[in-house]
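Undergrad: Chains as they are written, first to last, in our numbering: chain A, 1 to 236; chain B, 1 to 176; chain C, 1 to 1055.
Among the hints, erroneous ones may be present.
Cross-link-like lysine to any residue pairs, in silico, SDA-like; alpha carbons within 25 Å at most [stated by the list, open to error]:
#  : chain 1 : residue 1 : chain 2 : residue 2
1  : B       : K139      : C       : K393
2  : C       : K421      : C       : S958
3  : A       : K8        : C       : T1013
4  : C       : K343      : A       : Q70
5  : C       : K755      : C       : G735
6  : C       : K137      : C       : R24
7  : A       : K27       : C       : P338
8  : A       : K27       : B       : S170
9  : C       : K506      : A       : R132
10 : C       : K393      : C       : D142
The set of hints was computed from the structure by calculation and includes no laboratory data.
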Amino acid sequence: MPKQVKLKIDGEYVNATEGQSVLDAAKANGKFIPSLCHVQGLSGVGACRLCMVEIAGGARPLPACTTPVQEGMVINTVSERLSKYRRMIIELLLSERNHVCAVCVSNGHCELQDMATRLGVTHSSFPYRYPRLPVDASHPRFVLDHNRCILCSRCVRVCAEIEGANTWNIVSRGVNSMVAADLNEPWGDAESCTRCGKCVEACPTGALVVKGKAVEEMVKRTQTVSRLATARGGSR
Amino acid sequence: MKKVRLATTWLDGCSGCHMSLLDIDEGILKVAELAEIVYGPLVDIKEFPENVDVTLVEGAVSSVEDLEKVRTIRERSRIVVSLGDCAVTSNVPSMRNQCGVTAILERAYLENAATDAQIPNQVVPQLLPISRPVHDVIKVDVFIPGCPPSASTILNCVAELCAGRMPEPSLRYKFG
Amino acid sequence: MKIQDLETLNAVRQKGLAKFKPARPRIAVGLGTCGIGNGAEDVYQAFASAIEARGVDIQMARVGCFGFCAEETLVNIAIPGKPMVILNRVKARDADAIVDDIHSGAVATGRALCKIESWDHLTGVIDYGEGFPDIPKWNEIDFYKGQKKIVLRNCGLIDPEDIEEYIAIGGYRALLRTLRNGEPERVIEELKTAKLRGRGGAGFLVATKWDFMRKAAAGTKYVICNADEGDPGAYMNRNEIESDPHSLLEGMIIGAYTMGATDGIVYVRAEYPLAVHRLEKAIAQAHAYGLLGDNILGSGFSFHLSLVEGAGAFVCGEETAMIASLEGRAGRPRPRPPYPAEKGLWGKPTNINNVETWFNVPVIVNNGGAWFTQIGTDRSPGTKVFSLVGKVKNTGLVEAPLGTPLKTFVYDMGGGTGTGKNVKALQTGGPSGGCLPVDMFDTPVDYEALAQLGAIMGSGGMVVMDEDNCMVDVARFFIEFTHSESCGKCVPCRVGLDQSLRILNKVSKGQATSADLDMLEDLGPMIRDVSLCGLGQTAPNPVLTTLRYFRDEFEDHIHEKKCAAGVCEDLFLSPCENSCPLHMNIPRFIQLYKENRLEDAFESVILDNPLPGSTGRVCQHPCDDRCRRAGIDDAVNMREIHRFIADSAYGTEIETNVMKRLLARRLPDSGKKVAVVGAGPTGLAAAFYLALLGHKVTVFDENSEPGGMLRFALPEYRLPKAVVAREVTFIKRLGVSFVCNTRIGVDKTPQSLSKEFDSVFLALGTWEASPIDLPGVQCQGVHHALHFLDAIAHDKDVRIGQKVIVIGGGNAAIDSARTAARMGADVTVVYRRQRQDMPAIPEEVDEAYEEGVKFAYLCAPHRIISDGQGGVKAIEVQKTTLGEFGVTGRRRPVPTDEVMRMSCDTIILAIGERVDTVFTGGSQLELKRDGTIKVDRHSSETNLLNVFAGGDVVTGASNVSNAMSHGKRAAEMIDIKLTGEHRFARLFQAFGYGQVPPVEPAAGDRNTSPLLTPLQRKSTFDEVMLGFSPEQVRHEAERCLRCDAKGECVGIAAE
């Protein structure tokens, strides 16, 4: 039986299991910490940096998704600085690619859109970059629209860690990073792809969607992914 | 009490936000009590008036005309509101930004023209190199995202402004 | 031969010593990458052939780099029994002579940089011998003084490709002892005592890290050397590996044994082929000698070391990214925990340390941790190697104890810029570091002190920057670097740096706004606090530090569209134009003159600069320092060209015609009245432009005539009164009225003026002498330079004696000295520093020498001796020596006990001027502590409504062109305030002129103005510089390279 630890989140004592991340512990105790790259059950990557929390005694904020709980930890998930940083991150994501909600099939079922609302982001103070990005519709069942991708790497992890196909990876670096199938081929040509569709279910935005679905139907089932992960061997 | 001088305008947009504004139904009575609409697509005045208290701007800044207009609006308005996604994010109009003006014009006026193909050089205002959100060009005081924002969101916001308060971002605000 | 024990090790040691310190002379050529780049390979071959040709018994060796890269090729000469001598800048052609010298038992002193009598390799001492008294010891020369070589202990001395030489100087003994003792805890104990901190930049305690790893579960464990050195301007690790690879190996083997590691990897950049080659060779040799592989030194301990070449991604210097790269994945970092010591390469416990950290291990084991703590500071013991590069004379690798102040690196070891230009900043830590301004050069170099200032020590890059470096461009450069090296995994680094770079690009193009700066300042802390790895967490440092310490430069780019350093090329026309305080379009008037359009040329000149006759004679000509022609031979003499154009125009039809053109272009009467206080260069410039802008201008001055310093401080022989009078007349004809003999503060006050006029511009001079604490200063016969010059200019009866001492080194000192010399006196200038430190124009000093003025340098006034009747008998001066460097980059004079008496009857004090604050007339005008007026940098406005100020009264004593630039700017700002419009640009004429740069610019040296002979000068006040002849002007104009002509301009193009 894993050891139980006691910690304090936003002034409230909560119990957690040793090895659990701060994010999971908070969630288990009904506390909300914003996050976009994290999916329960998949490994934590600390890519979106929304879940940054302040831990007493630490010099800089730490990502809740990859920081394990410790006995006696005192955690602050809300502060003026954190909200400012979180809003900036959302604004940076909105400015990075072409997130045109009005014509997006995920409109209304998009975690980025919801997070913007939830964090009170009404506009991006950063100028939009308007990069020219392709849409890969070569797959018989799914579409990859790079314009909506936030490089959270959920697809990469779900494919590697649950399906075991390792179809997805991220190529290039910096602001030129792109999700790519197999050896940077059109998705439809990627032989490793099993067409299981878990990447689509895990994708938080309209970057990976099912062909032919209308806006009202295009609902992602991220919880299914988490359930599969748990069934496969529990939370990592 | 002195009535608030309210103006509305559209730049590069679909006028959907104005439709949503009209959807406030009987709410218009409340607005009429508080504000005088001094300029807008539904008002006869052609010249944007001086000393406007609140101006709701719909649409992105896409042409030279939009740019001039929005600058005049800024000069003459106390509070400028970006109404709807086109004004706030440049939304659909910005989808041309990846292609460049020439490609867009050629596609629209030459390749797709049935007869008399030519790129217009008069009457139609000249396009800017990219379509931009309003706050890229002028200072904007209030943002109401949405495509379109709901009638009640607009009504709430206008009512707050008319009452002399700045509306707080609420969970009703949503891109798309 | 496998080494098994101390005996076999000693046998190898003897073999090595026979090579390292043979019984015959040895010539060792420095063949690091730096040496090879300077032709060291040829030098080596030349020596080999010279020895062969002569059949002499001299041994040749290849060694690494001894650090002084600016002086490559370095060659070590060791003649048995004598000190080892290091020769610098050796060329292949020198080989014959050097070999001959050695053969006769000598070394030519002239070729020698320094000598080494005895060297402590910290693993063994090598004594060479004594001798060569004329050659300085290695640590007596500036570059090495203050250095302490621990990491670099063997570099440039031993052959890096021969393990026996490393063993000869005591190498691998620490390893042997460690394995024999079999107590890994002791190594950790020593490291703990030594408080050794990681040298890669983060400064984590090595002992703690090693202990953690040692305690990790047994099984496969890895040690890794991080040699992925990738910051611009840093090459410490490259040199260390190239020069002494075995110190690294020994450190790693000891580390592996201590931590229980079985395998090791050196991750080195593929761009370092020589380091890779020497390291591979070293690993092979260590295997052959039983120091690597199975059963090392017969102890039963096995350790396998391999080398992996990194592809050059900067982020792979981050340990988790490096591990990913080693595993064959893309080099992207992952969050810690888990730390590599727990879960590293292939999931096994892994320790990663920087090259220099490993280098320190053998000597700490050898000499003990306590020894180590005697060096450096309490919290950061030991030394650190820096690569000192950039705008510094002595570039190279320097190693100094931690805690050494920055200025020691820049000035003492580095020798300053060596070009006469001022150092502006020091960049430490590369793209993760920051730029520190000169006034922080007292900061000691250690982990904490630099971090506190927003920079970091980093792995050791140190880039010196001078006034030609634009800090906006520096920030932009580093962000461009981190932007393209960002792995893209986390949002703040990926997108935040992209947005930062976009803003910085806008700033350097002059398109940014203040809101953009605010955004940069918002982004910086967010990227720093939120990014996943060290790359993002430190990437904003260059921006944040430049914004913190050089904000003015950012604001100049934004508000004035100016890049003073002349780097951001969208913001200026040519380097000369950019350096001119008045921003004269110099290439244009030169071209117009070449096209024989003298009238246009004069109009171009006078519109940019209303007093060209004066500046043509007395300007400090900063343009000379920036002229690109200087890269070929010498700068174009632009000052003389514009003087010639002005002199040819005044009093001729050209003047009349240009006046007509100006009057025709003058803007219509605005009905506004402006008062200008002070008819010096600042006031005259402002009046000129304000009149052209259509305002009614009245200039007030306390003197009897306009001209200010030009008329009353500059001596006739430099600037004839007639020239000033002509220029004042020109301005009068534009409609400016002058009211003389009116003193502000007495006759009128700023406030009374602002009631009478729509706008007031205060442009007073600094006539008041700075106070000096000098006994005897009240004696008769003691004058203040400006008062003295002023009295002469007023034709007053000024009595000076036969023997005059002038104290000071500025232009006022030289002017006073030369004036006194013309009055028949014997003049000596006393200055507390050296000639090259004088702020006076160098040509003026030359001319003073020619006129017989004597100079006593390194002397400071001590007291004045009275003759008992109120007059002066002598002055006592204290000899000074030059001490530490101050913020101006000059050494501070330090008085000594030596006092010298100089007899004299007159003393002229030229030690600085200040503002006489009478002019405030009791108004609420806000002044700075030194009495100058506080104004807004950009608008020239004072705290009083409609009152502006500029020139010396704002900056303190400066020079003519700086003063005029203030007047010019103030005119523009006053006009904006008066009319609410930007009308200044309307005054300027567009000229069409040739835009083709000369394919073959005229050859030949810079022309200088002919001078009166020194004999003629001694007796008269006639103008000394006679001005160019027409042939000289034409030739000089044709020397111009036309840097302003950009792009594909062909033929005559409109401006």
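Undergrad: What's the verdict on K8/A and T1013/C, does the C-alpha distance respect the 25 Å limit or exceed it?
TA: Not OK: K8/A and T1013/C at ~90 Å, beyond 25 Å, violated.
Undergrad: Quick one, are K343/C and Q70/A close enough, alpha carbons at most 25 Å?
TA: Answer holds: K343/C to Q70/A is near 19 Å, not above 25 Å.
Undergrad: Assess, step by step, whether the Cα of K421/C is no farther than 25 Å from the Cα of S958/C, and give holds or violated.
TA: 18 Å, holds
Undergrad: CA of K393/C to CA of D142/C, is that 25 Å or under?
TA: 11 Å, holds
Undergrad: Is K139/B within 25 Å of K393/C, Cα to Cα?
TA: 50 Å, violated
Undergrad: Under the criterion that the straight-line Cα-Cα distance not exceed 25 Å, is the pair K506/C, R132/A satisfied?
TA: Given that 25 Å is the threshold and the Cα spacing comes to 21 Å, the pair holds.
Undergrad: Would the pair K27/A and S170/B pass a check requiring their Cα atoms to be no farther apart than 25 Å?
TA: Holds, because 24 Å separates the two Cα atoms, which is no more than 25 Å.
Undergrad: Are K137/C and R24/C close enough, with their CA atoms no more than 25 Å apart?
TA: The hint holds at about 22 Å.
Undergrad: For the pair supplied as a hint, K27/A and P338/C, is the alpha-carbon distance within the 25 Å limit?
TA: Holds, at about 22 Å.
Undergrad: Straight-line Cα separation of K755/C and G735/C no greater than 25 Å?
TA: 22 Å, holds
The earlier numbered hints that this structure contradicts are 1, 3.
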